[in-house]
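**Q** Let's have the full structure, built from the sequences with the hints guiding it.
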Amino acid sequence: MKPAPFDYVRPASLQETCEILAADEDARIIAGGQTLVPMLAMRLARPSRLVDIARLDELRGIRAEPGGLTIGAATRQAEVERSDVARHALPLLAKALPWVGHPPTRSRGTVGGSISHADPSAEIPLVAVTLGAEIEIANATGNGAMSADEFIIGPMLTAVMPGDCVRAVRFPVWSHARVGTGFHEVSARQSDFAFVAAAAQVALDEEGRCVEAALGLGGVGDRAIRIDVSSLVGTEPSMAAVADIVRAALADLDIGSDLHVSESYRRRVAVTLGMRALEDAIAEATGKVLQ
Amino acid sequence: MKVSLKVNGRACEADVEPRKTLLDTLREDLKLVGSHAGCEHGVCGACTVLIDGEPARACLMFAVQADGYEITTIEGLASAPGELGVVQDAFCETHGLQCGYCTPGMILTAHALLNRNAEPSREDIVDAISGNICRCTGYGQIVEAVEIAAERLRKANAPRNARGAHPNAPVNDPAAEHDAPQEGVLEAAEADTPHGGHR
Numbered sequence: 001m002k003p004a005p006f007d008y009v010r011p012a013s014l015q016e017t018c019e020i021l022a023a024d025e026d027a028r029i030i031a032g033g034q035t036l037v038p039m040l041a042m043r044l045a046r047p048s049r050l051v052d053i054a055r056l057d058e059l060r061g062i063r064a065e066p067g068g069l070t071i072g073a074a075t076r077q078a079e080v081e082r083s084d085v086a087r088h089a090l091p092l093l094a095k096a097l098p099w100v101g102h103p104p105t106r107s108r109g110t111v112g113g114s115i116s117h118a119d120p121s122a123e124i125p126l127v128a129v130t131l132g133a134e135i136e137i138a139n140a141t142g143n144g145a146m147s148a149d150e151f152i153i154g155p156m157l158t159a160v161m162p163g164d165c166v167r168a169v170r171f172p173v174w175s176h177a178r179v180g181t182g183f184h185e186v187s188a189r190q191s192d193f194a195f196v197a198a199a200a201q202v203a204l205d206e207e208g209r210c211v212e213a214a215l216g217l218g219g220v221g222d223r224a225i226r227i228d229v230s231s232l233v234g235t236e237p238s239m240a241a242v243a244d245i246v247r248a249a250l251a252d253l254d255i256g257s258d259l260h261v262s263e264s265y266r267r268r269v270a271v272t273l274g275m276r277a278l279e280d281a282i283a284e285a286t287g288k289v290l291q
Numbered sequence: 292m293k294v295s296l297k298v299n300g301r302a303c304e305a306d307v308e309p310r311k312t313l314l315d316t317l318r319e320d321l322k323l324v325g326s327h328a329g330c331e332h333g334v335c336g337a338c339t340v341l342i343d344g345e346p347a348r349a350c351l352m353f354a355v356q357a358d359g360y361e362i363t364t365i366e367g368l369a370s371a372p373g374e375l376g377v378v379q380d381a382f383c384e385t386h387g388l389q390c391g392y393c394t395p396g397m398i399l400t401a402h403a404l405l406n407r408n409a410e411p412s413r414e415d416i417v418d419a420i421s422g423n424i425c426r427c428t429g430y431g432q433i434v435e436a437v438e439i440a441a442e443r444l445r446k447a448n449a450p451r452n453a454r455g456a457h458p459n460a461p462v463n464d465p466a467a468e469h470d471a472p473q474e475g476v477l478e479a480a481e482a483d484t485p486h487g488g489h490r
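The listed protein sequences correspond, in order, to chains A and B.
With our numbering applied, the first sequence corresponds to residues 1 to 291, in that order.
With our numbering applied, the second sequence corresponds to residues 292 to 490, in that order.
Some clues are possibly wrong.
[Said to hold, decoys possible] Cut-off 25 Å, straight-line C-alpha distance, at most; resulting in silico cross-link-like pairs (BS3-like, lysine-lysine):
1. B:K322 with B:K311
2. A:K2 with B:K322
3. B:K311 with A:K2
4. B:K293 with B:K322
5. B:K311 with B:K293
6. A:K2 with B:K297
[Said to hold, decoys possible] Covered stretches of chain B (chain A as the covering partner; in silico rule of three or more C-beta atoms under 8 Å from a C-beta of chain A):
7. 308-314
8. 338-347
9. 352-364
[Claimed, not checked] Sample of chain B residues with no beta-carbon within 12 Å of chain A, all distances over it, derived:
10. R301
11. A371
12. P372
13. L375
14. E435
15. A449
These aren't lab readings, by the way, just hints derived from the structure by calculation.
Here the structure is a predicted model, which is why all the values come from computation and not from measurement.
Don't be surprised by glycine CBs; every beta carbon is placed ideally from N, CA and C.
**A** Written out as structure tokens, the structure is:
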């Protein structure tokens, strides 16, 4: 369990990082290393050099902006978990973070690292897809951005090109007065990979009618997916309506089976957790239990 | 590659390959073998150390990444050779260990929890140690040890002095007024002795 040899560099700026990456296509970025180092130890990855971005100030920090919250790629998960700004602006992310690994991995693991790794069962990519976050990318020629949905292509597969460095993740912040969230997950052991994870966020108006709703599922396919729950909008959501919508949306969904759980188990859990997440979100927005 | 590490408050130099983990560097170059090598890919928690006070896997960090951080290993927790820290003491008392392999990681993780949270609930404790695997104890006594350590640290940290003693504090000799501190005593082991352990 020892990695193959590599060079190690710690560039002083994002610009320098991009130049190093552009010049050496076998170079890999390391930030928290909580996923990359096990891959190196098992020799699933054998980069020529590691480019350490963990201490680049321009990639760190949490910035509130109108309509959004931008989290620097090298911001540690534990920092986001403890941030009052992030908890207030992104209650869904706050609910998901305790499910990400364990405290000793969140203390080093980064938000950008989790997004870039794109594990189909990972919580941060799930929240990014559910809320429609934007991934900001830098390379030697400039900056760009794309939606989380475009960014994550498949299991551990993203639209990042050689020479690219994820710079930040910009999560939209809902400005409605009554916003509720729900997050549920089932895994074999605490903080193990999710068999299914469900994330929901709902906004209601003064009369209790739904103005915006989002539901995402992780672990069911080869990447986190957003489920269409737009038919809730304009209605006063009931438990029965939520159940119908989630069941209908998941009826034709392509769901995988693996060593751990069968396709039918995963589908049943997905329906249940999807409903629970939405119910929690609605209940939190209304301040009472959904009928 | 030369690397300067600050381990348990002391500056240490090592000459390591970039691929050498902090764990291997601690054990082989610095001879701090209290951090245990278990799975070596971040699952078991036996190698947990504190990086700037936060628990982290020493097997998931390369030594070359670790310069400039305050690294604490199990060797850094006791006040003196042969002494035990409060959390270590509690583990002994409750039989919170059998083979001892997971124990340094457990204790450092618990230590970090208690630094942040003076009154952790059972759930907080279970969550904090969820990334540390123990195959002997069944965790019951470990959770109990952390609860006891939390209680002792709370008592030891309560402000007390010769004039207005904390209700749970030992009765101090008034003559000790000059050497009894005016504000909190931080060493729980000393809290039970008159004169704060100093004569």
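**Q** Indicate, hint by hint, whether the structure satisfies it.
**A** Evaluation of the provided hints:
1. For the proposed pair K322 (chain B) and K311 (chain B), the alpha carbon gap of about 15 Å is at most 25 Å, so the pair holds.
2. At roughly 19 Å between alpha-carbon atoms, K2 (chain A) and K322 (chain B) fall within 25 Å of each other, so this suggested pair holds.
3. For a cut-off of 25 Å, the pair hint linking K311 (chain B) to K2 (chain A) stands: about 8 Å separates their Cα positions.
4. Between K293 (chain B) and K322 (chain B), the direct Cα distance comes to roughly 17 Å. Compliance with the 25 Å bound is thereby established for this hinted pair.
5. At roughly 12 Å between alpha-carbon atoms, K311 (chain B) and K293 (chain B) fall within 25 Å of each other, so this suggested pair holds.
6. Between K2 (chain A) and K297 (chain B), the direct Cα distance comes to roughly 24 Å. Compliance with the 25 Å bound is thereby established for this hinted pair.
7. For the region 308-314 of chain B, the assignment as covered by chain A holds, since 4 residues bring a beta-carbon within under 8 Å of that chain's beta-carbons and 3 suffice.
8. By the rule of at least three residues with a Cβ nearer than 8 Å to a Cβ of chain A, the coverage given for the region 338-347 of chain B holds, with 5 such residues.
9. For the region 352-364 of chain B, the stated coverage by chain A holds: 4 residues have a C-beta nearer than 8 Å to a C-beta of that chain, and at least 3 were required.
10. Listed as outside the interface, R301 (chain B) is consistent with that label: its C-beta sits roughly 22 Å from the nearest C-beta of chain A, beyond the 12 Å cut-off.
11. Here A371 (chain B) stays apart from chain A, with its beta-carbon at least about 27 Å from theirs, past the 12 Å limit.
12. Under the 12 Å C-beta cut-off, the non-interface status given to P372 (chain B) relative to chain A holds; the minimum distance is some 27 Å.
13. The beta carbon of L375 (chain B) sits about 22 Å from the closest Cβ of chain A, which is more than 12 Å, so the claim that it is off the interface holds.
14. For E435 (chain B), the shortest C-beta to C-beta distance to chain A comes to about 19 Å, beyond the 12 Å cut-off, and the non-interface label holds.
15. For A449 (chain B), the non-interface assignment is confirmed: its Cβ lies about 26 Å from the closest Cβ of chain A, beyond the 12 Å cut-off.
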